[in-house]
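> Going down the list, the protein sequences come from chains E and G.
Just so you know, numbering that gives the first Met the number 0 puts 77 at position 78 of the first sequence, and the rest follows in order with no gaps.
Just so you know, numbering that gives the first Met the number 0 puts 0 at position 1 of the second sequence, and the rest follows in order with no gaps.
Calculated from the structure, these hints are not laboratory results.
Just to be clear, a hint being listed does not mean it is correct.
Unchecked claim - A few chain G residues that don't get close to chain E, going by computed Cβ distances all over 10 Å:
| no. | residue |
| --- | --- |
| 1 | 12 |
| 2 | 15 |
| 3 | 19 |
| 4 | 28 |
| 5 | 52 |
| 6 | 54 |
| 7 | 57 |
| 8 | 64 |
| 9 | 67 |
| 10 | 71 |
| 11 | 81 |
Claimed, not checked - Here are the simulated distance ranges between beta carbons:
| no. | chain 1 | residue 1 | chain 2 | residue 2 | range |
| --- | --- | --- | --- | --- | --- |
| 12 | G | 86 | E | 29 | 21 to 27 Å |
| 13 | E | 30 | G | 78 | 41 to 47 Å |
| 14 | G | 147 | E | 6 | 15 to 21 Å |
Owing to the predicted nature of the structure, the values given are computational and were not obtained by experimental measurement.
Don't be surprised by glycine CBs; every beta carbon is placed ideally from N, CA and C.
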Amino acid sequence: MPERKVTVVAEVGLHARPAATFVRAATKAPMDVTVAKVPGGDPINAKSILQILALDVRQDETIVIKAEGKGADEVLDELAKIAGSP
Amino acid sequence: MTTVLAPVEGAAVGLAAVPDPVFSAGMVGPGTAIDPLREPGMAVAPIAGKIMKLHPHAYVIVGDDGRGVLVHLGIDTVQLKGEGFTLLAAEGDRVRAGQPVVAWDPSVVEAGGRSPVCPVVALDAVAGSVWGVAAGTVHVGDELFRWH
């Protein structure tokens, strides 16, 4: 399955503002999109702001974003860009 | 249906009045915002449930039905790194609606150049599911909005 690993560099982590931007982009995707902390985190639904806030990704933590299907690479590129933005 | 209570005292001003486009455009979710009284106070749980996330400046309570409500105490207050906020509960605690979660002083937030306005947001709510949104003066524990 296509995936992107991204280290979150934003000082606030993947919280309110970046989290909302991330979820909005994920929600537009036609396929399921998951996010997990690496290494070894359980994947959660990238389209749920509740689950993203619960994941509580902090600065310098790395996540893996996964999606499968037509257009998955474009979706993943966009999400990786948002998650990796300072 | 979930009845969401006012976590702080002040004026319900609507999300459009929040000086942060992520909240004012409804990107985090539907709900409203309270412009709080400028005096030391306690922010309470807007619903009964479990404290799923507790930061000094923001918290998420998830009810037994899995619905989550975010309370954000002021805008850009993550930058304060907890200064001026006192936790009155712990992440993972079960709380009743109206139970104090964080003590803070909106006037201190404002004096630091930030807006103390508090978005109260229904997370993952579908469009049109929030109604009966209060306007004007609200006291702690007053009904703020309903979520179908």
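> Could you tell me which of the hints above the structure violates, numbers in ascending order?
Of the numbered hints given earlier, those the structure breaks are 3, 4, 5, 6, 7, 9, 10, 12, 13 and 14, listed in rising order.
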